[in-house]
Amino acid sequence: MNQQTAQIDAHSAPNHERSPGQPVNHNEDANHALSIRVRDLNLWYGNNQALKNINIDIYQKNVTALIGPSGCGKSTFLRCLNRMNDLIRSVRVQGLVEMDGRDVNDAKMDEVALRRRVGMVFQKPNPFPKSIYENIAYAPRMHDLVSRKAEQDELVEQALRDAGLWNEVKDKLQEPGTSLSGGQQQRLCIARAIAVKPDVILMDEPTSALDPISTATIEDLMDKLKKQFTIITVTHNMQQAARVADYTAFFHLGEMIEYNDTRMMFSNPHTKKAEDYITGRYG
Amino acid sequence: MSQSFDEITAQLKRRHRKSARLKWMSMGALILAATFLVVFIGDMLVKGLPAFQQAQIQVEVSYTEQSMQIPPAAVSDEARSLVSRGYLRLIPGRMRDNPELMGTTRMEWVLADSEVDQYLKGHYTRLSESHKRAVDRLKEAGRAELKFNTRFFTSGDSKMPELAGIASAAVGTVLTLIVTMAVCFPIGVMTAVYLEEFAPDNRLTQIIEININNLAAVPSILFGLLGLAIYINFFGVPRSTPLVGGLTLALMTLPVIIIATRTALRSVPDTIRQAAFGVGCSRWQVVRDHVLPLSLPGIMTGSIIGLAQAMGETAPLIIIGMVAFIPDVSTSFSNAATVMPAQIFTWAGEPERAFTEKTAGGILVLLAVLISLNACAVWMRKKFERRW
Numbered sequence: 001m002n003q004q005t006a007q008i009d010a011h012s013a014p015n016h017e018r019s020p021g022q023p024v025n026h027n028e029d030a031n032h033a034l035s036i037r038v039r040d041l042n043l044w045y046g047n048n049q050a051l052k053n054i055n056i057d058i059y060q061k062n063v064t065a066l067i068g069p070s071g072c073g074k075s076t077f078l079r080c081l082n083r084m085n086d087l088i089r090s091v092r093v094q095g096l097v098e099m100d101g102r103d104v105n106d107a108k109m110d111e112v113a114l115r116r117r118v119g120m121v122f123q124k125p126n127p128f129p130k131s132i133y134e135n136i137a138y139a140p141r142m143h144d145l146v147s148r149k150a151e152q153d154e155l156v157e158q159a160l161r162d163a164g165l166w167n168e169v170k171d172k173l174q175e176p177g178t179s180l181s182g183g184q185q186q187r188l189c190i191a192r193a194i195a196v197k198p199d200v201i202l203m204d205e206p207t208s209a210l211d212p213i214s215t216a217t218i219e220d221l222m223d224k225l226k227k228q229f230t231i232i233t234v235t236h237n238m239q240q241a242a243r244v245a246d247y248t249a250f251f252h253l254g255e256m257i258e259y260n261d262t263r264m265m266f267s268n269p270h271t272k273k274a275e276d277y278i279t280g281r282y283g
Numbered sequence: 001m002s003q004s005f006d007e008i009t010a011q012l013k014r015r016h017r018k019s020a021r022l023k024w025m026s027m028g029a030l031i032l033a034a035t036f037l038v039v040f041i042g043d044m045l046v047k048g049l050p051a052f053q054q055a056q057i058q059v060e061v062s063y064t065e066q067s068m069q070i071p072p073a074a075v076s077d078e079a080r081s082l083v084s085r086g087y088l089r090l091i092p093g094r095m096r097d098n099p100e101l102m103g104t105t106r107m108e109w110v111l112a113d114s115e116v117d118q119y120l121k122g123h124y125t126r127l128s129e130s131h132k133r134a135v136d137r138l139k140e141a142g143r144a145e146l147k148f149n150t151r152f153f154t155s156g157d158s159k160m161p162e163l164a165g166i167a168s169a170a171v172g173t174v175l176t177l178i179v180t181m182a183v184c185f186p187i188g189v190m191t192a193v194y195l196e197e198f199a200p201d202n203r204l205t206q207i208i209e210i211n212i213n214n215l216a217a218v219p220s221i222l223f224g225l226l227g228l229a230i231y232i233n234f235f236g237v238p239r240s241t242p243l244v245g246g247l248t249l250a251l252m253t254l255p256v257i258i259i260a261t262r263t264a265l266r267s268v269p270d271t272i273r274q275a276a277f278g279v280g281c282s283r284w285q286v287v288r289d290h291v292l293p294l295s296l297p298g299i300m301t302g303s304i305i306g307l308a309q310a311m312g313e314t315a316p317l318i319i320i321g322m323v324a325f326i327p328d329v330s331t332s333f334s335n336a337a338t339v340m341p342a343q344i345f346t347w348a349g350e351p352e353r354a355f356t357e358k359t360a361g362g363i364l365v366l367l368a369v370l371i372s373l374n375a376c377a378v379w380m381r382k383k384f385e386r387r388w
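First to last, the protein sequences are chains A and B. Okay, so the first sequence: first residue is 1 according to the UniProt record's numbering, each after it adds one. Okay, so the second sequence: first residue is 1 according to the UniProt record's numbering, each after it adds one.
No wet-lab data here; the hints were simulated from the structure. These figures come from a predicted structure and were not determined experimentally. Just so you know, even glycine gets a beta-carbon here, dropped at the ideal spot from N, CA and C. Be careful, since some hints might not be right.
As the list claims (entries may be wrong) - Partial pick of chain B residues on the chain A-facing surface, computed with a CB cut under 7 Å: (1) Thr-271; (2) Ser-282; (3) Gly-321.
Claimed, not checked - Pairs of lysine-lysine, DSS-like flavour, derived with a Cα cap of 30 Å: (4) A:Lys-108 with A:Lys-52; (5) B:Lys-383 with A:Lys-130; (6) A:Lys-227 with A:Lys-197; (7) B:Lys-382 with A:Lys-130; (8) B:Lys-18 with A:Lys-124; (9) A:Lys-197 with A:Lys-273.
Whole structure, please, built from the sequences with the hints as guidance.
Written out as C-alpha cells, the structure is:
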C-alpha cells in the first residue's frame with residue numbers, strides 16, 4: 001500500500017476527491033451518467049485468480065478503452081459485464097457488477113436479458129453462416145422486437161446504415177455474411193449487435209484481425225456509435241485507445257492499476273506502472 | 001568441418017533406397033487390396049448376373065375343368081416335367097380370376113423348371129438326356145429362351161428356385177430400417193446434443209461417454225440376445241417382425257449415431273456459439289438455430305453410415321427369428337418378415353444348385369443399395385457443407 005501511495009505522490013495529484021472506481025481525472029467533455037458500476041470484482045479460473053478487486057464506474061455514451069499487457073485480465077473483465085464467462089465451467093465470480101440498479105450476477109438476473117442490453121463484438125469477425133439480412137434480422141426477431149416484415153426490413157437497413165455498411169451490401173443482402181471481407185464482416189457483427197438496441201456494446205479487440213484501413217473505418221464507427229451506445233473496448237493498440245476512447249483503464253496482472261481520462265492517461269499518467277506501459281517499457 | 005556434396009550424396013543413397021522400398025511396398029498393398037475387390041465383385045457379377053434372367057418355354061396350355069382340379073393336366077406330358085411346378089400350381093387361381101379362360105387352349109410363354117433354366121445357362125443340371133434333347137428341340141424352334149427375371153424383384157422366397165425373389169426381404173429391410181431410424185435418430189441426436197452442449201463435465205457424464213464408445217464395439221450378436229431378452233421376452237413384442245428387428249438394430253446403431261453427432265457438433269467453431277450467446281440466445285436457441293443446422297450434414301452422413309451398417313447386419317436378427325422363410329411380401333410392421341442379408345444367408349444354405357445364383361444375385365442387390373446409400377451420404381455432405 002505504501003508503495004502505491006508513494007507512486008501516486010510522485011505523479012500528478014487527483015483533481016477531485018475520489019471514491020474507488022472513479023477515474024483519476026474526469027473528461028470534461030464526457031457524459032457523466034453512470035452505466036455500469038463495478039465494485040470489488042474478483043474472478044477465479046479454478047484456483048487461479050484472474051481479476052483482483054476491480055472497482056470501476058463506466059459512464060454512458062462514452063468509449064472506455066481497457067488496455068494492458070497480454071493476460072492482464074482485460075478481456076476476462078469485459079466478459080464479466082455480459083456474463084459470457086458463465087460459459088466457461090471453471091469460472092467463479094465474486095463482487096458487484098451493477099447496471100440500472102441491478103446486480104448482473106444476481107441469481108434472479110437472466111443472462112439472456114442481460115445480453116440483450118449488453119451486446120458484444122468479438123476479436124475475430126464471426127458472422128452467422130447465413131445471409132447478410134438474416135445475420136441482422138435473426139436476433140430482433142428472436143427477441144420479438146419486430147412483428148411485421150416491413151418493420152424487419154427497416155430495422156435491418158437502419159442497423160446496416162448505423163454500422164456504415166448499407167451502401168456496400170444493399171444489393172446483396174441475400175448473399176452469405178461470410179462472403180464479405182474481414183472489415184465488412186466485423187461491421188456486420190457490429191450491425192448485428194446494435195440491431196437489438198442494446199445500451200452497452202462490448203468490443204473485444206475488434207480490430208486486431210483487420211488491416212489498417214478497415215481498422216480506421218471501425219474506429220470512425222465507434223466514434224459515431226458512442227452517441228447512441230456506451231462502448232467498452234479492449235485493445236492492444238495504445239494509439240487506438242488514444243484515438244477513440246474518452247476514458248482508459250489500465251490493467252496489469254488482474255488488477256486495475258489506473259482509470260483516467262484518456263488524454264491525461266497518455267500525457268500524464270498517474271501511476272508509474274501505467275507510465276511504463278504507455279512509454280513502452282514493457283507489455 | 002562440413003561435408004562435401006559427394007559425401008552427403010553417398011550417405012543419402014541408403015535413405016533414398018529405403019524410401020523407394022517403402023513406396024513400393026505400400027503400392028503393392030494397394031494393388032493387392034484392389035485385386036481382392038475386383039475378384040470379389042467380378043465373381044459376384046459372374047455368379048449373380050444370371051439370376052436376373054430366367055428360362056421360359058412356350059407350351060400349349062389348356063384351361064379345362066380337369067386342369068382346374070389337377071393343374072399338371074393343363075400341359076402335355078412331354079412339357080410337364082419342363083414347366084415349373086410352382087407355375088402349374090398357380091393355374092387354378094388364374095382361372096378363377098379370369099373365367100373367360102375356361103375351355104380355351106393357348107400357346108403361352110410359361111416359367112420353366114429351374115433345371116431347364118440351369119441347362120440353358122450352361123450350368124450343371126440333373127435333367128435326364130431325353131429332357132435335354134426336348135429342351136434343345138424347343139430352343140431350336142425358338143420356344144425356349146432366357147428372359148428378364150421380373151419375378152426376382154416382385155416375389156418373396158420360395159422353395160422352388162425359379163419362383164424365389166428378393167422382394168419380401170427388400171420390403172422387410174425397408175420396414176425394419178424405418179423402425180430403426182425412427183427410434184435411434186431422434187434419441188441419438190438428442191443424447192449427443194445433451195452430452196455436448198448441456199451436460200456438466202463430471203464423473204457421471206464421463207462414465208456415460210466411455211460406455212457409449214464401448215457400446216459401438218460390442219459384437220452385434222449380443223444386441224440380438226439383448227433384443228430377445230428385453231423386447232420379446234419382457235415386453236412381448238411379436239418375434240420375427242420388422243418392429244422387433246428395427247428396435248434391436250436401433251440398439252446397435254444408437255452409439256454410431258451418438259458418436260457421429262458429437263463429432264459433428266464439436267466441429268462447429270466456438271465463435272459461432274459465442275456470437276449466438278452474444279446476441280442473447282438461450283442455450284437451446286443456440287443449439288437449434290446455429291449449431292444443429294451447421295452440423296446437420298455431418299449428422300446425416302453419420303446416420304446413413306450407421307443405417308448402412310444396420311442394413312448389412314444378420315447376426316442379431318438370427319436370434320430374434322428374422323432369418324425366416326417368408327414367401328409373401330408383407331407391408332406390416334407386426335407381421336413376420338425377413339431382411340436382405342438374412343435372405344442371402346437362407347439361400348446360401350439351400351441345396352439346389354439354382355440357389356447359388358440367387359445368393360449372388362441377392363448380394364448384388366444388397367451391394368447396389370449399400371453403395372447408393374453411401375453415395376447419398378457423400379452427396380449430402382458435399383451439398384450441405386458450408387464454410388464459416
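Going through the hints against the structure:
no. : hint                     : in the structure
1   : Thr-271                  : holds (4 Å)
2   : Ser-282                  : holds (5 Å)
3   : Gly-321                  : violated (48 Å)
4   : A:Lys-108 with A:Lys-52  : holds (25 Å)
5   : B:Lys-383 with A:Lys-130 : holds (16 Å)
6   : A:Lys-227 with A:Lys-197 : holds (13 Å)
7   : B:Lys-382 with A:Lys-130 : holds (18 Å)
8   : B:Lys-18 with A:Lys-124  : violated (46 Å)
9   : A:Lys-197 with A:Lys-273 : violated (37 Å)
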